[in-house]
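Participant: Note that the protein sequences, when read in sequence, are chains A and B.
If you read the first sequence in my numbering, its first letter stands for residue 1, the second for the next number, and so on.
If you read the second sequence in my numbering, its first letter stands for residue 1, the second for the next number, and so on.
Rather than coming from a laboratory, the hints here were simulated on the basis of the structure.
There may be inaccurate statements among the hints.
[Claimed, not checked] Residues from chain A that face chain B, not an exhaustive set, calculated with beta carbons under 8 angstroms: (1) V33; (2) H35; (3) G36; (4) P37; (5) E40; (6) D51; (7) I53; (8) M58; (9) R165; (10) D168; (11) R172; (12) E176; (13) S179.
[What the hints assert, rightly or not] Chain B regions said to be covered by chain A (calculated; three or more residues, Cβ under 8 angstroms): (14) 11 to 20; (15) 69 to 82.
Idealized CB from N, CA, C, for every residue including glycine.
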Amino acid sequence: MSIVSDNKDALFAYLLRLGDNALIAGQQLGKLVAHGPELEEEMAVANFALDYIGQARMFFSLAAEVEGAGRSEDDLAFLRDGMDFHNLLLLEQPNGDFAQTTARQFLFESFYQYQLAELAKSKEPRIAEIAVRIAREIRYHLRHHRQWLVRLGDGTEESHQRMQRSVDDLWRFTGEMFSRDEIDTWAAESGVGPDPSSLHDAWAAYVEAALDEATLRKPEQEWMASGGKQGTHTEHLGYILAEMQHIPRTYPGAEW
Amino acid sequence: MVSAGLQQQDHAAWQLVGSIPDPEIPVLTLTDLGIIRWIRSDGDTTVVGVAPTYSGCPATEVIEASVLETLESAGYAAARVERVLSPPWTTDWISDEGRKKLAVYGIAPPDKAAESKRALFHSGQGIACPRCASIDTSRVSEFGSTPCKASWKCNSCLEPFEYFKCL
C-alpha cells in the first residue's frame with residue numbers, strides 16, 4: 001500500500017512520536033519482567049511489553065520507509081540520542097512502585113484508546129491499518145490497569161495512599177497528551193491524525209469515572225509539563241536509552 | 001494470459017504453506033490459524049501474504065522463515081513474504097477445524113465474533129473445560145504463557161487449562 005501524504009518530513013516526525021511512545025512504554029514494562037509480585041502479573045507485564053515493542057516496530061518500519069534514507073527500524077530505535085526521541089514525558093517516568101506503574105499506564109492507555117480510535121480513520125492508510133490492529137491489544141492493557149487502579153485505590157489505607165500519590169505525581173505529565181504543535185496541526189489538517197485537544201474531554205470523563213470508582217481524588221494541579229514530543233525530556237529518558245542502546249552501540253551490527 | 005500451470009503451482013504452494021505447523025501451537029497449521037491471506041506470483045517469485053497475529057508475537061518471524069524455507073526446499077526458485085495488516089487478523093479467522101483441534105489439544109478455543117466486547121473479555125458464561133467439558137470454570141489470569149492465551153481452571157475436574165483469548 002502506498003504512502004499518500006506529500007509532506008514526508010512531517011509524516012516521519014509524526015510516526016516517530018507514535019513509535020517512541022510504544023518503544024519507551026515497552027522498554028519500561030520490560031524492566032519489570034522477573035520483578036512481578038506474582039506469576040500472573042509477571043505474565044501480564046511481559047505480554048504488555050511485547051505488544052508495545054511490536055507496535056513500535058510497526059511504526060518504525062513505516063517511518064523508515066517514509067524517510068527513505070536507508071535507516072532500519074533498529075537504527076531508529078538504537079541509534080538516536082535523547083533529543084531525537086519524541087515520546088510523551090509521562091511514559092519515561094520511572095516504574096517506581098506498582099501503583100506508579102499502574103498510574104502511568106492507566107493515564108496513557110486511557111488517552112491512547114481514543115487516539116487509536118481516531119488514527120484508525122487516518123487518511124494515511126498504513127497508519128489506519130496499524131491503529132486498527134493495535135487498538136484491540138490496548139483494550140486488554142487498559143482493562144487490566146483500570147482494574148488495578150480500582151483495586152489499589154479502593155483497597156487498604158496503604159494501597160489507597162500510594163495509588164493517590166502516584167496519580168498526583170504523574171498528573172502534570174498528562175497535559176502534554178492534548179497539547180498541539182505544528183506537527184499535530186499538520187496531522188489534523190491533512191487528516192492523518194486527530195487534533196490532540198479534541199481527545200481531552202472523552203479522556204477526562206473516562207479517567208474521572210475510574211478515579212471515582214477507585215475512591216481516588218482527581219488532582220487539582222493545573223500546571224502541565226511538556227517538551228517530550230519536541231525532544232526536551234526529563235532526566236529519566238537518558239537512563240532508559242543507556243540501558244536499551246548500549247549493546248547495539250558497543251557492538252555495532254552485532255547479531256545473535 | 002493466466003496459464004493453467006501457474007494456477008497449478010499456486011495450488012501446490014497453498015498445500016505446502018498451509019500445512020506448516022504454528023511454532024507455538026503445533027497442532028494448528030497456518031491454514032487452521034487463518035493467517036495465510038494470499039499467494040501470488042511476481043515474475044519468478046512466489047509471494048505469500050501473511051497476517052501477523054499479535055503485534056509483538058515472536059512467532060511471526062519464525063512463521064515467515066518457515067514459509068520461505070518450505071517453499072525453497074520444495075524447489076521454488078524465489079519466494080518472499082509480505083505482511084498483510086488489513087483486514088486485521090482476529091481469532092474469528094481460526095477455522096472450525098482449527099477450533100476442534102485446539103480443544104483436543106487441551107486449549108479452549110476462542111469465542112466467535114471477537115468484535116463484541118463481551119466476547120473479547122469473556123464476561124459471560126464460563127468457558128467449557130477442554131478436558132471434561134464442564135462449564136463450571138474460572139479465570140486465573142487474563143494472561144498466559146503466550147500473548148494469545150489466558151489461564152483458566154476447571155472447578156469440576158480441578159485441572160488448569162489455557163484459553164485462546166479473543167482478539
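Participant: All hints, please: hold or fail.
Facilitator: How the hints compare with the structure:
no.	hint	result
1	V33	violated (12 angstroms)
2	H35	violated (16 angstroms)
3	G36	violated (11 angstroms)
4	P37	violated (13 angstroms)
5	E40	holds (4 angstroms)
6	D51	holds (5 angstroms)
7	I53	holds (5 angstroms)
8	M58	holds (6 angstroms)
9	R165	violated (27 angstroms)
10	D168	violated (28 angstroms)
11	R172	violated (30 angstroms)
12	E176	violated (24 angstroms)
13	S179	violated (27 angstroms)
14	11 to 20	violated (count 0)
15	69 to 82	violated (count 0)
Figure legend: structure checked against the earlier numbered hints; hints not met, in rising order: 1, 2, 3, 4, 9, 10, 11, 12, 13, 14, 15.
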